[in-house]
Every structure is written in structure tokens, then in C-alpha cells.
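Engineer: Sequence:
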Amino acid sequence: MSCYSAEPDPFPASRLRAVAAARTDCGRERADNQDRAAFACAATGRAWSAGPGAVAVDLTAPFYAVVCDGMGGEAGGAVASALAVETIVTSMRARWDPRTEADLGGVLAATLQAAASRIKQVARAEPLYARMGTTATLAAVDRGALVCAQVGDSRAYVLRERGLLEQITRDQTMVELLRSTGAVPADRIADVVGPNVILQALGSSTHLEIPITRTPLAGGDVVLLCSDGLHGPVPDDAIASILASHAPAEACEALVARANAEGGPDNISCVVLRFS
Numbered sequence: 001m002s003c004y005s006a007e008p009d010p011f012p013a014s015r016l017r018a019v020a021a022a023r024t025d026c027g028r029e030r031a032d033n034q035d036r037a038a039f040a041c042a043a044t045g046r047a048w049s050a051g052p053g054a055v056a057v058d059l060t061a062p063f064y065a066v067v068c069d070g071m072g073g074e075a076g077g078a079v080a081s082a083l084a085v086e087t088i089v090t091s092m093r094a095r096w097d098p099r100t101e102a103d104l105g106g107v108l109a110a111t112l113q114a115a116a117s118r119i120k121q122v123a124r125a126e127p128l129y130a131r132m133g134t135t136a137t138l139a140a141v142d143r144g145a146l147v148c149a150q151v152g153d154s155r156a157y158v159l160r161e162r163g164l165l166e167q168i169t170r171d172q173t174m175v176e177l178l179r180s181t182g183a184v185p186a187d188r189i190a191d192v193v194g195p196n197v198i199l200q201a202l203g204s205s206t207h208l209e210i211p212i213t214r215t216p217l218a219g220g221d222v223v224l225l226c227s228d229g230l231h232g233p234v235p236d237d238a239i240a241s242i243l244a245s246h247a248p249a250e251a252c253e254a255l256v257a258r259a260n261a262e263g264g265p266d267n268i269s270c271v272v273l274r275f276s
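Take 1 as the starting number for the sequence shown in our numbering and just add one per residue.
I should point out that these hints are in silico values taken from the structure, not numbers from a laboratory.
All values reported here derive from a predicted model rather than from experimental measurement.
Label-pair ranges, simulated between beta-carbon atoms:
| no. | residue 1 | residue 2 | range |
| --- | --- | --- | --- |
| 1 | Arg17 | Leu164 | 15 to 23 Å |
| 2 | Arg93 | Asp191 | 41 to 49 Å |
| 3 | Gly73 | Ser117 | 17 to 25 Å |
| 4 | Gly45 | Glu101 | 14 to 22 Å |
| 5 | Ala218 | Ala125 | 40 to 48 Å |
| 6 | Ala31 | Glu101 | 46 to 54 Å |
Every residue gets a Cβ at the ideal spot worked out from N, C-alpha and C, and that includes glycine.
Model the full structure from these sequences, guided by the hints.
Structural biologist: Okay, structure coming up:
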């Protein structure tokens, strides 16, 4: 399966190609899946959503991917993450014109703000969903770089061809805040706060601070976006080994299987992009 545009290419020297795949799974301890993940081709606007089986798609930059981890009781988390992905796809079609020199980081931030507003709008109309929210890690590939916007603790990684796994997002959690500031000794953080306390989320935060990172890419690099149901139970060295030794669809399946083998305590979602 492939994604391409018949239009003349305005940036032929900066185009990266990738094989993309996405996968989501309920895990072993949750009754329902409140994660969502997707990737999309900017040239055509076509989007692919993650499901119970990974399908490989050939993409040519510009394109983007997103992982959302919903929360909020009852079905609220699933509604929030689904609304986020739906709004992100619609907003990116409207806001991102890769033929221009627009600030891509600004486009991503505005897109996440739009998703947050949509979630709040639905929550106000339906009391059952009043507490819903979702994380979102949104990454776009254009002009030889990965530009990433993040809210919450879903992560983005890059595995370099030499085997080095780099986490390019920073968890927006109380644990990471205490660790990075040194406010609490590292060996006591687990006694002070639980691992899943996040500092902000789409829909449930009054004000969002959306960090933007820009990471150069090269052929042979592998990008992973994932929810904490994957990066929580699976150590980085195991993630790196799987990404290095599997094609994207098989890597998605292997990552989900490993997270479930570690107990599958949460929903599991991932998008894998292998560049050439």
C-alpha cells in the first residue's frame, strides 16, 4: 500500500520516504481500549487509524503521525482520544500546506489546541464526559526533519542507524518533574507520587504549554510514537532491539506482544516509521 501525490514535487531534495505501521491493543488488565493512533499523508489527506492488526503503508514526506491515550472514567477516555485524532486529521488538512514555508511547529501546536477545544465542547454538552481528556504526541515529517508537539506522557523516540535509541519527548508527569528538579530524592519519588500523574492533557487542562522539538532524520532511522502502556512496562533496550530487527508492521506486533508479556497493565498503542 502506498501514498503519493501526482502533483509536481516542490521539495525533491528534502523528501524522505518511510514505511509506516500502527497498532493498538487493549492490554491484559483494561476492559476497554481508550488509546487511539493514526498516521496520514499530507499530500493526499488520507489517514490510516491503528487497529488490532498492523498494516504497512509506504509514505513519502510530508506526512504525520499521532498517538493519544485517553482518560476520564466510563467511556470518556475513548471519546476524548477519538475526538482528538478526528480533530487533528481535519485540522492538519486545513492548516498544513507543505508547499509553503509555514512554521510547522506552530501548525502542530494550533492543531492540538483545536483538539483540546473540541474535547471541552463535547464535555460541556454531556455530563458523563465532564472529566475526559487525552494525551497527544503529534509528529510531522517534512524537509528532512521530525517536528514533534506533545501534551502528556505519550512518547516519541528515534532509533538511529548505529543502534542508539533517543527519547525526543519529555514526559509531562509529576514523576519527571520531581526527578528533573531534584525536589525529591530519586529513590523516594515512587513513595511520593504515582507513576501515572500527568501535568496536562487535551480537554482537562485550562491552559496548555506545548513543547515543540525538531529532530533531523536520515535514511535508516526508525521513529516510534507510543503510549505509556508500551514505554511503561517495556525497557528501552528491548524497544531498541525490536525496532532494529523488525520491519514496521512486525515491530508493532512485537512491541505489543512484549508489553503484554510484561503484564499488559494498560492500553498499548504505537506507530513505527522506518525511513529510507
